[in-house]
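A.B. asks: Chain by chain, the residues:
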Amino acid sequence: MILANNICLGYDNKKNIIQNAKFKINNKDFVFITGSSGSGKSTLLKSFYSDIKLKSGTLLVNKFDLNNIQNTELKKLRKSIGIIYQDYKLIKEYTVEENIMLPLKINGYSDKLSRDQAHKLLKHVKLPNKAKCYPDELSGGEQQRVGVARALSHNPQLILADEPTGNLDDYSADVIWNLLKKANEQLGIAVVVVTHRIPDNFGLSFRKFSISAGEVYES
Amino acid sequence: MNLKRFISFTIPLVVMLFTFAMYLSINKIVKSYETSINNDYSIILVSSTPIIKSNLTSLSGLDIKSINHLKRGKILQNFKDEVSTGTYKLLEKKLPYFYTINLDKFPTSSKLKEIKEKLEKIKGIKRVETFSKNHDNVYSLFLLVKSVVAILFLCIIIFTFLIMLNNVKIWFYEHSNRLSIIKLHGGSIYYGAKPIINIAIISSVLSSIFVILIVYFLKENLSEILQPELLNVVSKNLTDFTNLEIASVFIISLVISFTTVFGILLKHRLK
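For the record, the sequence lines run as chains Z and F.
Numbering-wise (this note's numbering), the first sequence opens with residue 37 and increments by one.
Numbering-wise (this note's numbering), the second sequence opens with residue 3 and increments by one.
Calculated directly from the structure, the hints in this document are not laboratory data.
Among the hints, erroneous ones may be present.
Unchecked claim - No more than 16 Å apart at the CA atoms, straight line, and that leaves these computed lysine to aspartate or glutamate pairs for EDC-like:
| id | chain 1 | residue 1 | chain 2 | residue 2 |
| --- | --- | --- | --- | --- |
| 1 | F | K185 | Z | E109 |
| 2 | Z | K82 | Z | D101 |
| 3 | F | K113 | F | D65 |
| 4 | F | K115 | F | E94 |
| 5 | F | K196 | Z | E129 |
| 6 | Z | K128 | F | E176 |
| 7 | Z | K60 | Z | E254 |
| 8 | F | K185 | Z | D87 |
| 9 | F | K196 | Z | E134 |
For reference, chain Z alone in the conformation it holds in the complex (with noise of 0.2 Å):
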């Protein structure tokens, strides 16, 4: 699913933020990746959608060789992943069920068959009713909640979430993780979650990775 090998990321000539990484995560592992502020753990997801290239070592996520990795590759890649934000990243013109609907239609599915998930998505999230509202009528936890069903609704083989309850509500917060965990136990779905804290009693067996002064380990 992942596989990094001696990777280092930064920004231009700067010291790297992440040095030597290596590591591998497999189908249906649910990781969380944790460290302290300006660790690099935001970095080091964001690399997995290429939305930071490499310094150096090489990075296959989904098959996919993020080393000079061309446009329509990318374009694959990304295809097959669903991305959680902190800050959700939902497209403000567009109504709750069109924004879920966004991968589906990228993806190439139907209209009708895009608005049916989204509608069923949204049933999952607990906000059966608010199909046709636009995210600015919506509270942080239901904005987040509208960016996890996004990232679901096209079925993707990996999950990458960054700080997905990092500013909500408890209630949110638990709706979130028990759709990530019934994502990576019933649809065998790989899960990547940034995370200041890990949740007590999560439920589920998991791996944790730790970012220290560059370094990536297992703990």
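Given the structure of chain Z, go ahead and fit chain F onto it with the hints provided.
C.D. replies: Relative to chain Z, chain F alone:
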């Protein structure tokens, strides 16, 4: 669709297409004027021997439309009562042949000089009168009109194109957040830019229809706008707004809209 963005894209396009339609019409008027002054323009040849068109064409290499012999009898008639019979007979024997030549195209001043030189070299030709001074004045005015129209058209095209470019850039700026989210989900820039591509298509069609309607409206109401002297020349040419010209307005409209949108799309794609 954002109405404000739609209008700000469409207005420059309408201005540009209207200028193009006017350019086509003025060009036709100028062309028609060119034909008319060419029909009225002729060179006079004085030759000691008779001339026939094919000989003159092969000898001079010119595109001659017609050559007319000026009847000597008419010229001699003027002297008949004023000179003696003997002198008249001598005049009849010695008087050269006079011809007027009409050319296929209205010549440039330099071409006219060249024509004169070529004709003067032909054996038997005594004199060539091109009325070059008068010709030069007409030709300069003619060139001025043509150049002014072309420069004006070019300026308007450039300015309106820049305005449209700016509008599309603003659109991309306003929608940069949406475009980046779509890119993060593996969508192409074209997928994200569907709304602006739709605006471009609708604007092109509506602008073309609007401009063609304006042209037809002007044609129908020319008497209110133009002086009667100009009316005949202008209305005739506007009436002849052909299907090909209508099609060219549509094509130009689409080409300009798509060049603007896809130019910026390409820039974003390369980023």
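A.B. asks: Now, for every hint given, state plainly whether the structure supports it.
C.D. replies: Outcome of the hint check:
1. As the CA atoms of K185 of chain F and E109 of chain Z are separated by approximately 13 Å, the hinted pair is consistent with the 16 Å bound.
2. Of the supplied pair hints, the one linking K82 of chain Z and D101 of chain Z holds, its CA atoms being roughly 15 Å apart against a limit of 16 Å.
3. This hinted pair checks out: K113 of chain F and D65 of chain F have alpha carbons roughly 12 Å apart, not beyond 16 Å.
4. Simply put, K115 of chain F and E94 of chain F have alpha-carbon atoms about 32 Å apart, too far for the 16 Å limit, and the pair is violated.
5. Taking the CA atoms of K196 of chain F and E129 of chain Z, the gap is about 14 Å. The hint holds against a cut of 16 Å.
6. Between the alpha carbons of K128 of chain Z and E176 of chain F the distance comes to roughly 12 Å, so the proposed pair stays at or under 16 Å and holds.
7. Distance hint between K60 of chain Z and E254 of chain Z is fulfilled; the C-alpha atoms sit about 10 Å from each other, no more than 16 Å.
8. Restraint check for K185 of chain F and D87 of chain Z: the C-alpha separation of about 10 Å stays at or below 16 Å, so the hint holds.
9. With a C-alpha separation of about 15 Å, the suggested pairing of K196 of chain F with E134 of chain Z holds against the 16 Å cut-off.
Hint 4 from the earlier list is the only one contradicted by this structure; the remaining hints agree with it.
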